[in-house]
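**Q** Chains G and H, in that order, give the protein sequences. Per my numbering, residue 534 is the first one in the first sequence, and the count goes up by one each step. Per my numbering, residue 63 is the first one in the second sequence, and the count goes up by one each step.
Simulated restraints, written as ranges between beta carbons of each label pair:
no.	chain 1	residue 1	chain 2	residue 2	range
1	G	535	H	231	20 to 28 Å
2	G	605	H	181	36 to 44 Å
3	G	653	H	138	16 to 24 Å
4	G	549	H	78	31 to 39 Å
Facing chain H, according to a computed beta carbon distance under 10 Å, are these residues of chain G, among others:
no.	residue
5	543
6	583
7	586
8	598
9	599
The list that follows gives simulated cross-link-like pairs (lysine-lysine, PhoX-like), each with its CA atoms no further than 25 Å apart:
no.	chain 1	residue 1	chain 2	residue 2
10	H	216	H	111
11	G	733	G	714
12	H	226	G	585
13	H	226	H	216
14	G	715	G	733
15	G	557	H	226
For the record, the hints were derived by calculation from the structure and aren't laboratory data. C-beta: ideal position from N, C-alpha, C; glycine also.
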Amino acid sequence: MECRDFVLQLDDLLDGGLDAARQKPVQEHLGRCPDCRSRHEHALAVREAVRKLSPPAMHPGFIDQTLARATRAVGSPNPRWRRPVLGMAVAATLVLGVALGVFLATRPQVQTVALTIDRPETVRLMFNSAKPLKAATLSLALPENVELVGYDGRRELSWQTDLREGGNLMQLPLVVRGATKKELVASLSHGGSSKTFRLKIEVDGAGRSGM
Amino acid sequence: MSDYRRTRPAALNFEDLLRPQVEYLYRLAWRFTGSVADAEDLVQDVLIKLFPRTRELLDIQQLRPWLARVLYRQYIDSVRQRARSPIVELVSDAEGEDNPLDALPATKDGPEENAERSGQRERILRALDRLNPEQRAVVAMHDVEGYSLEELEKMLETPLGTLKSRLHRARQRLRALLPMEPFSSGERVKG
Numbered sequence: 534m535e536c537r538d539f540v541l542q543l544d545d546l547l548d549g550g551l552d553a554a555r556q557k558p559v560q561e562h563l564g565r566c567p568d569c570r571s572r573h574e575h576a577l578a579v580r581e582a583v584r585k586l587s588p589p590a591m592h593p594g595f596i597d598q599t600l601a602r603a604t605r606a607v608g609s610p611n612p613r614w615r616r617p618v619l620g621m622a623v624a625a626t627l628v629l630g631v632a633l634g635v636f637l638a639t640r641p642q643v644q645t646v647a648l649t650i651d652r653p654e655t656v657r658l659m660f661n662s663a664k665p666l667k668a669a670t671l672s673l674a675l676p677e678n679v680e681l682v683g684y685d686g687r688r689e690l691s692w693q694t695d696l697r698e699g700g701n702l703m704q705l706p707l708v709v710r711g712a713t714k715k716e717l718v719a720s721l722s723h724g725g726s727s728k729t730f731r732l733k734i735e736v737d738g739a740g741r742s743g744m
Numbered sequence: 063m064s065d066y067r068r069t070r071p072a073a074l075n076f077e078d079l080l081r082p083q084v085e086y087l088y089r090l091a092w093r094f095t096g097s098v099a100d101a102e103d104l105v106q107d108v109l110i111k112l113f114p115r116t117r118e119l120l121d122i123q124q125l126r127p128w129l130a131r132v133l134y135r136q137y138i139d140s141v142r143q144r145a146r147s148p149i150v151e152l153v154s155d156a157e158g159e160d161n162p163l164d165a166l167p168a169t170k171d172g173p174e175e176n177a178e179r180s181g182q183r184e185r186i187l188r189a190l191d192r193l194n195p196e197q198r199a200v201v202a203m204h205d206v207e208g209y210s211l212e213e214l215e216k217m218l219e220t221p222l223g224t225l226k227s228r229l230h231r232a233r234q235r236l237r238a239l240l241p242m243e244p245f246s247s248g249e250r251v252k253g
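With the sequences and hints as input, model every part of the structure.
**A** Shown next, in the form of structure tokens:
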């Protein structure tokens with residue numbers, strides 16, 4: 534057996550999938566080829582290292598909360614409301630009744646998203662919070678010609694939500710009806726502190742629509 | 063299904079069936095995603111989808127592999143959906159001092175998990191991040207969770223040859239990304 538033949542058998546060797554007829558030449562080759570012995574040891578070691586990775590603990594209360602949310606979500610307008618913040622999900626479902634997403638984040642650069650006229654697209658936004666916050670208020674102000682899907686004509690939306698420490702993700706289903714010059718403004722406030730986030734919306738096809 | 067189960071509220075049956083599985087689902091989801099937040103989202107999405115199917119769940123003999131299949135499909139769907147939906151990070155107008163709304167460093171997990179990710183653990187996680195979602199899933203389900211490729215062929219409804227190819231490429235990539243020394247005292251692989 535040559536080294537290249539051994540390499541072809543390595544996966545089966547690792548998985549214990551070699552029958553006696555194939556096992557013998559492989560073992561003989563291993564016995565005389567230090568490179569392939571090393572290759573085999575390396576493969577075993579990498580697999581073992583991956584096996585030993587243990588997941589970080591779930592957030593406290595996750596099992597109770599996720600089961601409760603699953604059994605409550607039936608019939609809600611959009612069951613894809615997700616973890617970012619459990620409170621946020623529930624509150625927003627009640628108030629908005631649609632999937633709405635916000636990543637809590639602050640980065641020192643202007644962000645822009647390009648949308649196509651009359652084509653609903655989900656903008657995924659990320660916020661980070663330095664610590665868990667109960668009952669923060671999140672407000673959205675939509676610029677002209679930008680709509681939240683399912684809420685035609687609503688320019689301002691606001692709801693209370695809980696934020697968890699770290700990343701909080703929400704999804705914002707938007708549709709643009711024409712060119713817009715202003716920005717989408719998201720404001721987050723809690724206990725006297727507030728942050729305002731701005732998102733510039735560029736409109737593809739605005740020229741073609743004549744707007 | 064017993065009469066007792068048939069007449070109970072679906073939410074109670076659902077909890078009885080799924081509560082013992084949530085930790086398993088989370089563990090598998092974390093191995094798929096590498097992120098606590100994404101893993102919890104994935105599990106949440108799966109449970110929301112499954113609750114209306116509680117009666118069907120009651121008749122499933124081997125629930126865990128069935129759930130693993132649902133989780134895998136949801137994971138692949140979510141990856142594809144995300145690929146179509148770019149993330150936008152909003153810009154804060156003002157950076158106030160000691161404001162809890164100020165950004166944390168961009169990490170997938172909290173500080174505790176982040177601190178834990180040192181040395182070898184971090185390197186392995188980074189290497190797994192370099193696999194594509196299908197490769198990562200087959201490593202998680204075969205090499206870690208111990209499902210045979212024949213079991214995965216049925217569970218994932220994916221041809222055996224495709225699974226073997228994914229696994230081969232995933233292992234090959236992991237070995238390329240993870241040098242020999244930290245894992246074994248053996249010789250370095252040539253070439």
